[in-house]
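Visitor: Residue-level listing of the chains:
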Amino acid sequence: MLPAATLALAVAYLAGTLAMPSPAIADPLGPQIFPLLIAGGLLLTALLLALEAWHGLPAAPDTAQGPPALQSIRVVGGIAAWTALYIFGFERLGFPIATTLFLAGLMMVFHGRAWVSLACAVGFSAGAWLLFTKLLAVRLPAGLLPL
Amino acid sequence: MDAFGYLLQGFSVAATPANLGYVFLGCVLGTVIGVLPGIGPAAAIALLLPITYGVEPTSALIMLAGIYYGAMYGGSTTSILINTPGESSSVMTALDGYRMARNGRAGAALAVSAIASFVAGTVSVILLTLLAKPLAAFALRFGPAEYFTLMLFAMTSVAALTGPSLPRGLLSLFLGLMLATVGIDLQSGQQRFTFNLPELQDGIGFVVVVVGLFALAEVFSGLEDLLRGRPEVVRLSGSLWLTRDEWRRSVMPIVRGTGIGFFKGVLPGAGATIATIVSYSVERMLSRERHRFGTGMIEGVAGPEAANNASTGGAMVPLLTLGVPGSGSTAILLAAFIMYGLQPGPMLFEKRPDLVWGLIASMYIGNVVLLILNLPLVGVFVRLLRIPIGLLLPMVISISAIGIFAVSGNVFELWLALGFGLLGYLFRRLDVPVAPLVLALVLGGMVEQSFRQAMTISGADPTVFLRSPICIVFLCASALALAVPVLWRLWRRARPASA
Numbered sequence: 001m002l003p004a005a006t007l008a009l010a011v012a013y014l015a016g017t018l019a020m021p022s023p024a025i026a027d028p029l030g031p032q033i034f035p036l037l038i039a040g041g042l043l044l045t046a047l048l049l050a051l052e053a054w055h056g057l058p059a060a061p062d063t064a065q066g067p068p069a070l071q072s073i074r075v076v077g078g079i080a081a082w083t084a085l086y087i088f089g090f091e092r093l094g095f096p097i098a099t100t101l102f103l104a105g106l107m108m109v110f111h112g113r114a115w116v117s118l119a120c121a122v123g124f125s126a127g128a129w130l131l132f133t134k135l136l137a138v139r140l141p142a143g144l145l146p147l
Numbered sequence: 148m149d150a151f152g153y154l155l156q157g158f159s160v161a162a163t164p165a166n167l168g169y170v171f172l173g174c175v176l177g178t179v180i181g182v183l184p185g186i187g188p189a190a191a192i193a194l195l196l197p198i199t200y201g202v203e204p205t206s207a208l209i210m211l212a213g214i215y216y217g218a219m220y221g222g223s224t225t226s227i228l229i230n231t232p233g234e235s236s237s238v239m240t241a242l243d244g245y246r247m248a249r250n251g252r253a254g255a256a257l258a259v260s261a262i263a264s265f266v267a268g269t270v271s272v273i274l275l276t277l278l279a280k281p282l283a284a285f286a287l288r289f290g291p292a293e294y295f296t297l298m299l300f301a302m303t304s305v306a307a308l309t310g311p312s313l314p315r316g317l318l319s320l321f322l323g324l325m326l327a328t329v330g331i332d333l334q335s336g337q338q339r340f341t342f343n344l345p346e347l348q349d350g351i352g353f354v355v356v357v358v359g360l361f362a363l364a365e366v367f368s369g370l371e372d373l374l375r376g377r378p379e380v381v382r383l384s385g386s387l388w389l390t391r392d393e394w395r396r397s398v399m400p401i402v403r404g405t406g407i408g409f410f411k412g413v414l415p416g417a418g419a420t421i422a423t424i425v426s427y428s429v430e431r432m433l434s435r436e437r438h439r440f441g442t443g444m445i446e447g448v449a450g451p452e453a454a455n456n457a458s459t460g461g462a463m464v465p466l467l468t469l470g471v472p473g474s475g476s477t478a479i480l481l482a483a484f485i486m487y488g489l490q491p492g493p494m495l496f497e498k499r500p501d502l503v504w505g506l507i508a509s510m511y512i513g514n515v516v517l518l519i520l521n522l523p524l525v526g527v528f529v530r531l532l533r534i535p536i537g538l539l540l541p542m543v544i545s546i547s548a549i550g551i552f553a554v555s556g557n558v559f560e561l562w563l564a565l566g567f568g569l570l571g572y573l574f575r576r577l578d579v580p581v582a583p584l585v586l587a588l589v590l591g592g593m594v595e596q597s598f599r600q601a602m603t604i605s606g607a608d609p610t611v612f613l614r615s616p617i618c619i620v621f622l623c624a625s626a627l628a629l630a631v632p633v634l635w636r637l638w639r640r641a642r643p644a645s646a
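Protein chains in written order, with this note's numbering: chain A, 1 to 147; chain B, 148 to 646.
Isolated chain A, as found in the complex (with noise of 0.2 Å):
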């Protein structure tokens, strides 16, 4: 999987580089050169993962876990389906808003105490609101908060 995935990352690379214009000023090499050897790179270290898939991997780590399991996947996918849906609702909602109910949602499902999660999520989000945009001048989208 890693290798063909890499091969074809390799290719489209490759193709990208290759649709590149060439334009009238440059130094002597042009834009593209580098993007080649990187290219070069990387069907290079797709036929060592292909090689080493072959042979194996030479001593099985400790830290190597695997491919994701159904299981993983589920909670993993749910979890960056929330992040995506907090990034959808960040400027449209607002920082204070988006971030209370993303908060509160995954603090309810993690941590479970609903009373808990909820002034966790609340009290978190008015707290780095009031930090960052009053302190610390960061520009925080408020959304549809009259603030």
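Since the hints were made in silico from the structure, they are not lab data. Every residue, glycine too, gets a C-beta built ideally from N, C-alpha and C. Any given hint might turn out to be false.
A few chain B positions that, by computed beta-carbon distances, are all more than 12 Å from chain A [said to hold, decoys possible]:
hint: 1; residue: Ala150
hint: 2; residue: Ile273
hint: 3; residue: Leu313
hint: 4; residue: Val381
hint: 5; residue: Arg382
hint: 6; residue: Arg391
hint: 7; residue: Ile485
hint: 8; residue: Asp501
hint: 9; residue: Leu577
Here are some chain B residues the structure puts well away from chain A; computed CB gaps all over 12 Å [stated by the list, open to error]:
hint: 10; residue: Gln156
hint: 11; residue: Met602
hint: 12; residue: Thr610
Restraint ranges, calculated between C-beta atoms of paired labels, are given here [claimed, not checked]:
hint: 13; chain 1: A; residue 1: Val116; chain 2: B; residue 2: Asp372; range: 18 to 26 Å
hint: 14; chain 1: A; residue 1: Ala12; chain 2: B; residue 2: Met399; range: 39 to 47 Å
hint: 15; chain 1: A; residue 1: Pro21; chain 2: B; residue 2: Arg642; range: 51 to 59 Å
hint: 16; chain 1: A; residue 1: Trp54; chain 2: B; residue 2: Leu387; range: 50 to 58 Å
hint: 17; chain 1: A; residue 1: Ala50; chain 2: B; residue 2: Ala626; range: 19 to 27 Å
hint: 18; chain 1: B; residue 1: Ser159; chain 2: A; residue 2: Pro21; range: 52 to 60 Å
Given chain A, work out where chain B should sit, using these hints.
Guide: Coordinates of chain B only, in the frame set by chain A:
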């Protein structure tokens, strides 16, 4: 002026009330980050950059460096008390540190870890002080070809020596270089891989990549692990000091660990993790009770902890003197320098000695601060381990969103960060190291620039990279770095057969 004179000048910068405050803040943040899961030192530095825009660069860099070496101190606490190393460089500490805690010597394990870290951290800064000026003077001889081969050496070493296999390290490296080519090519004005998106014209920001790969990926893994149950925190028991016998047994491992750690830290790629493994192996080999390693031997904590912290001082040597980082974390520090319009390397010693020597002097002060934070005050930080993960990790996502939005002001980069978070999670699962990608992303632009400059100067003659002895040394070292894992594999395969 000699090194001592420059250092005194540095102390006059670092010891101002404001900079002392930044040292303290950096060390506290580093310790907290080291203890808590979620935001590692790399992501923390990346996230704090936008907030420190208005701060004077010397003060900001003093604080960011404090976070970097402070996290190394804090990382050992989780290894010892919950057998969960926050960083790969704390894995060896967990082997005997956690057993010591289980045997009722948690206080002694934390104490020896703090003392070893302090001794090693301070000695490594002394060595950095002595080596900085001569190395920086030597680096003034470097032209584009020398810089290209040096950066090639740094990248190949990191790709070859981090992670379990060379091809996976190379995959990470080339992905980082690929990402570095996104945006407008500065030498020709040509757009590359921007897909006509205006947000990509300036390239992919390293803050987005680092926060995604480190912080978000850690949150995904942490929340997934949470469903399998939470590790138990061992109570902080026993005196927070060593017995006479424990002192006697710890001294030489600390000395040896410091030497190993500094040497490995200076070399790109090897870094803290390998230094701790070597130190642990050396202590086990030299011990008369080697069969007891893994059951709570204090030597197994003292040596690796010294090696871990000495390597952080060692890693600052190539970063400050040559302007080339040798690890993922120092690559982010380099990016921080660049963000403040500074280029570390020999010229910085000439142009901004106040900054360089102020930063080095602040590391002496930081080590004292960290000793205080990690010995008498360790109980305060241990309490952080009791914060519910289910509340903490979701907040990390929101903090990441704030940090990224503060830099760009648009949600496009939040989408990118989510993508890199998922990529980082996959990398973990497939055991692809992240450090080569980060290093290649930060160095990519400079690598390409020096390559094209060298080739332009030579009239596109590639033998330009073989004309200077410095280039040849770096090319040979790169080849050696690539060969070492392969030779190691062959040797390990041959060993059982010959036994």
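Visitor: Compare the structure with each hint and give your call.
Guide: We went through each hint and held it up to the structure:
no.	hint	result
1	Ala150	38 Å, holds
2	Ile273	34 Å, holds
3	Leu313	7 Å, violated
4	Val381	21 Å, holds
5	Arg382	23 Å, holds
6	Arg391	36 Å, holds
7	Ile485	19 Å, holds
8	Asp501	26 Å, holds
9	Leu577	6 Å, violated
10	Gln156	32 Å, holds
11	Met602	6 Å, violated
12	Thr610	15 Å, holds
13	A:Val116 / B:Asp372: 18 to 26 Å	21 Å, holds
14	A:Ala12 / B:Met399: 39 to 47 Å	55 Å, violated
15	A:Pro21 / B:Arg642: 51 to 59 Å	55 Å, holds
16	A:Trp54 / B:Leu387: 50 to 58 Å	53 Å, holds
17	A:Ala50 / B:Ala626: 19 to 27 Å	23 Å, holds
18	B:Ser159 / A:Pro21: 52 to 60 Å	55 Å, holds
Violated hints for the displayed structure, listed by number in ascending order: 3, 9, 11, 14.
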